[in-house]
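Listed here are the chains, written in short residue letters.
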Amino acid sequence: MTRKQKRLSLILGGLAVIGLAAGLVLYALSDTITFFHTPSDLTETGVKVGQRIRLGGMVEQGSVRKGPGTVTSFGVTDTLKTVTVSYDGILPDLFREGQGVVTEGKLQQDGSFVADTVLAKHDENYMPRELANSLKEKGVKLGKGAEEGAMQ
Amino acid sequence: MISVAEVGHFALILAVGVALYQFIVPLVGAQRGDVAAMRAGISAAILQLVLIAIAFAALTHAYVTSDFSVLNVVENSHSAKPLLYKISGVWGNHEGSMVLWVLILALYGAAVALFGQNLPLELRARVLAIQGSIGLAFLLFIVMTSNPFIRVDPPPIEGNGLNPILQDPALAFHPPFLYAGYVGLSIAFAFAVAALIEGRVDAAWARWVRPWTLVAWMFLTIGIAMGSWWAYYELGWGGWWFWDPVENASFMPWLVATALIHSAIVVEKRNALKIWTVLLSILAFSLSLMGTFLVRSGVLTSVHAFAVDPERGSFILMILCLFIGGSLSLFAWRAPQLKAGGLFAPVSREGSLVVNNLLLCVSCLAVFVGTLYPLALETLTGEKISVGAPYFDLTFGPIILPLLLLVPVGAFLAWKRGDIGLAMKRLAWALVLALIVGAIVFALNVRGPWLAPVGMAIAAWLVFGAIADLAAKVALFKVPLATSWHRLTGLPRSAIGTAVAHAGLGVLVAGVIAISLWRIEVIVALKPGESAAVGKYTVTFTGEAPLVGPNYTGKVGSFTLKEADRELATLRSEKRNFKPSGMPTTEVGLYQTWHGDVYVVMGDETTGGARAMRMYYNPFVNFIWFGATIMFAGGLLSLSDRRYRVGAPKRAATAQAVPAE
Numbered sequence: 001m002t003r004k005q006k007r008l009s010l011i012l013g014g015l016a017v018i019g020l021a022a023g024l025v026l027y028a029l030s031d032t033i034t035f036f037h038t039p040s041d042l043t044e045t046g047v048k049v050g051q052r053i054r055l056g057g058m059v060e061q062g063s064v065r066k067g068p069g070t071v072t073s074f075g076v077t078d079t080l081k082t083v084t085v086s087y088d089g090i091l092p093d094l095f096r097e098g099q100g101v102v103t104e105g106k107l108q109q110d111g112s113f114v115a116d117t118v119l120a121k122h123d124e125n126y127m128p129r130e131l132a133n134s135l136k137e138k139g140v141k142l143g144k145g146a147e148e149g150a151m152q
Numbered sequence: 153m154i155s156v157a158e159v160g161h162f163a164l165i166l167a168v169g170v171a172l173y174q175f176i177v178p179l180v181g182a183q184r185g186d187v188a189a190m191r192a193g194i195s196a197a198i199l200q201l202v203l204i205a206i207a208f209a210a211l212t213h214a215y216v217t218s219d220f221s222v223l224n225v226v227e228n229s230h231s232a233k234p235l236l237y238k239i240s241g242v243w244g245n246h247e248g249s250m251v252l253w254v255l256i257l258a259l260y261g262a263a264v265a266l267f268g269q270n271l272p273l274e275l276r277a278r279v280l281a282i283q284g285s286i287g288l289a290f291l292l293f294i295v296m297t298s299n300p301f302i303r304v305d306p307p308p309i310e311g312n313g314l315n316p317i318l319q320d321p322a323l324a325f326h327p328p329f330l331y332a333g334y335v336g337l338s339i340a341f342a343f344a345v346a347a348l349i350e351g352r353v354d355a356a357w358a359r360w361v362r363p364w365t366l367v368a369w370m371f372l373t374i375g376i377a378m379g380s381w382w383a384y385y386e387l388g389w390g391g392w393w394f395w396d397p398v399e400n401a402s403f404m405p406w407l408v409a410t411a412l413i414h415s416a417i418v419v420e421k422r423n424a425l426k427i428w429t430v431l432l433s434i435l436a437f438s439l440s441l442m443g444t445f446l447v448r449s450g451v452l453t454s455v456h457a458f459a460v461d462p463e464r465g466s467f468i469l470m471i472l473c474l475f476i477g478g479s480l481s482l483f484a485w486r487a488p489q490l491k492a493g494g495l496f497a498p499v500s501r502e503g504s505l506v507v508n509n510l511l512l513c514v515s516c517l518a519v520f521v522g523t524l525y526p527l528a529l530e531t532l533t534g535e536k537i538s539v540g541a542p543y544f545d546l547t548f549g550p551i552i553l554p555l556l557l558l559v560p561v562g563a564f565l566a567w568k569r570g571d572i573g574l575a576m577k578r579l580a581w582a583l584v585l586a587l588i589v590g591a592i593v594f595a596l597n598v599r600g601p602w603l604a605p606v607g608m609a610i611a612a613w614l615v616f617g618a619i620a621d622l623a624a625k626v627a628l629f630k631v632p633l634a635t636s637w638h639r640l641t642g643l644p645r646s647a648i649g650t651a652v653a654h655a656g657l658g659v660l661v662a663g664v665i666a667i668s669l670w671r672i673e674v675i676v677a678l679k680p681g682e683s684a685a686v687g688k689y690t691v692t693f694t695g696e697a698p699l700v701g702p703n704y705t706g707k708v709g710s711f712t713l714k715e716a717d718r719e720l721a722t723l724r725s726e727k728r729n730f731k732p733s734g735m736p737t738t739e740v741g742l743y744q745t746w747h748g749d750v751y752v753v754m755g756d757e758t759t760g761g762a763r764a765m766r767m768y769y770n771p772f773v774n775f776i777w778f779g780a781t782i783m784f785a786g787g788l789l790s791l792s793d794r795r796y797r798v799g800a801p802k803r804a805a806t807a808q809a810v811p812a813e
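Those protein sequences? They're chains A and B, same order as listed.
If you number the first sequence the way our numbering does, the last residue is 152 and the count never jumps.
If you number the second sequence the way our numbering does, the last residue is 813 and the count never jumps.
No wet-lab data here; the hints were simulated from the structure.
All values derive from a computational prediction rather than experimental measurement.
We put the beta carbon where it would ideally sit given N, CA and C, even for glycine.
Keep in mind that a hint or two might mislead.
[Claimed, not checked] With beta-carbon atoms standing in for the labels, derived distance ranges:
#1 A/K48 x B/S221: 50 to 60 angstroms
#2 B/L527 x A/T43: 47 to 57 angstroms
#3 B/T531 x A/T117: 31 to 41 angstroms
#4 A/G19 x B/L720: 48 to 58 angstroms
#5 B/K707 x A/G67: 38 to 48 angstroms
#6 B/L236 x A/E97: 31 to 41 angstroms
#7 B/G534 x A/K48: 16 to 26 angstroms
[Unchecked claim] 30 angstroms max Cα-Cα, derived DSSO-like pairs, lysine-lysine:
#8 B/K731 x A/K6
#9 B/K714 x A/K6
#10 B/K630 x B/K577
#11 A/K48 x A/K106
#12 B/K731 x A/K4
#13 B/K731 x A/K66
All chains, full assembly: derive it from the sequences and hints.
In structure tokens form, the structure reads like this:
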């Protein structure tokens, strides 16, 4: 091969790899990402039953029920609407009533939500940023901590 | 008497002036050929280190003595904290961690100044000037937006304490190591920019850049491993890697730095890939800067996002644009002047290293897209999404897999023109052994996922391939053993280091495959006296007791661990409530063996006096960190190679024709 041919084959090989990788990335993006919703836009945006999403809001006061076994159920609310979430597993240390939470799982036929992941990485002053923004858009008045968005 | 904190503050402000001097004077000196001005960079770099060290020591002093007249100490420390966490609290917050950042930068700068006697004066002056400019940007950032020496009057009696999950020995040292890696890449960056200004890249340049990149790569490796180890046992989720944006922010520079230490070999040995290597040096440090931006600006939600302050975010973004944009423009302008070097066939050592670079960079790109896509989408459309592990498994996995297959082959290809057939012949026994490992795994794991035998065979292929590499170099079993041993001791350390690092990668891959495919997870509600089976182990919850620590109270649950009827250990999992924030954390009960861990987490109370428990058997999980440590050791061996000793090579010695190997 001449110098030019060698260089060309190298470049073509590289482009082929990049092309394949780009295809893979696009496919993965269309297939694996999860959208974030609040309880009230769950109905508005028409999330399908069984579609994997993230649901965020505040844990409703007095809504946490333990059992049976390791299952916990609780209401996730954005003060306009509430969705009942059930989760089988251990809740994060910072999970508490009246505080922000993000759950990941699937919407059920009866309008409840079964989560396989519960995230609550916050202290008393913190609300997940996605959530604070969503609630602000909906005109929900937030506490001091959420406005400041102070994180741990 | 002047307080220690004020001395630190003063030193920090002086350092800004010195950084400005270090940036301007040697750079102008190098342009004009003014020897005195070029030499000025050396003393400036050393003075810079002294000043920042004073500032850092003063801040540490404020933490250790709990000087609550310093706002930063009030916000992040507490007098009841153990001494280790008072010290690690210095960098457990935004301001202090930035001071640590510039301290490490100054350390590297002073190291170039002190150990770079063999560098041509002009190159050393330019490298130090670029270092100075980075220092200047970050010192200004600290002084203007993140000053750790701001005082409060009157001082409060007690501080707010450090985030309890950061109060952990592994995490105390994770930031210094990680920063040593991030910032170490600034040297490669400075060398690249200096080379662009000079318009010259040669084998000697590569020999100077390689050890610094290797040092940065080693620190990054160990820093990432420490962070992962911490996440594993402190977060209580049983996982070791979550593809969290902050983890990715450290992983991307690692991928590019790995590519860089390989491409620098090609520049050194064959005088080829020069432009590409310069570009990689710029990209590696750019990704470090981007990591700093992502982690420090608060655009990401994570434990690392200490504070959300738009002013800080935009300042770092400005630094980012200035350095990345500036260096890439310089690259576009000057790179065409760098002469293209040696020719090579697609199948050759160079060719295999090009493939290595291509796959590493493309995998980095996949991680980059997955990390930034949610941010971009939210900014552009307001839509909120999360990109999680499934994306990265689907993209990163298939891209990196061919690279793992290629690693042993590459080492057997000759420079310039290689012979795949010959390489495979020499690797035949390693391939056979790897296939045997795969077959054994397949037989033991009939109904398991297909990836298990394949993954384990690849891990074995990497380890045996590395052994085969060394065995071929010392002609094992072809000459008497004593001769082989003699040859081994005579091998360049970097050749041994390469094999060791590649074997370490194999060990790491084995750990990753094992825990991804064979982990056992049990979630169960237990009353005292009840048991649960975790694989071949039985865990019995024996009860809970109150717990009182130095700065926390809580509950401790006890468990007995049995295999068949043999009692192995008593495990304790704690739920702690930290003073003064009241923040709860969980301590994991861990039983470690060479073949895996039993991992027990005590959860909340459920109904009927039971507690929810989460238990795992994590097979071969320690291979991950053990593998990373072996890779670190491989780097260390390479670094001890006489040819790569920092500052050792002289341009004169290699300026003659590049020796063909």
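(message) Name the hints, by number, that the structure is in violation of.
(response) Violated: hints 2, 3, 5, 8, 9, 12.
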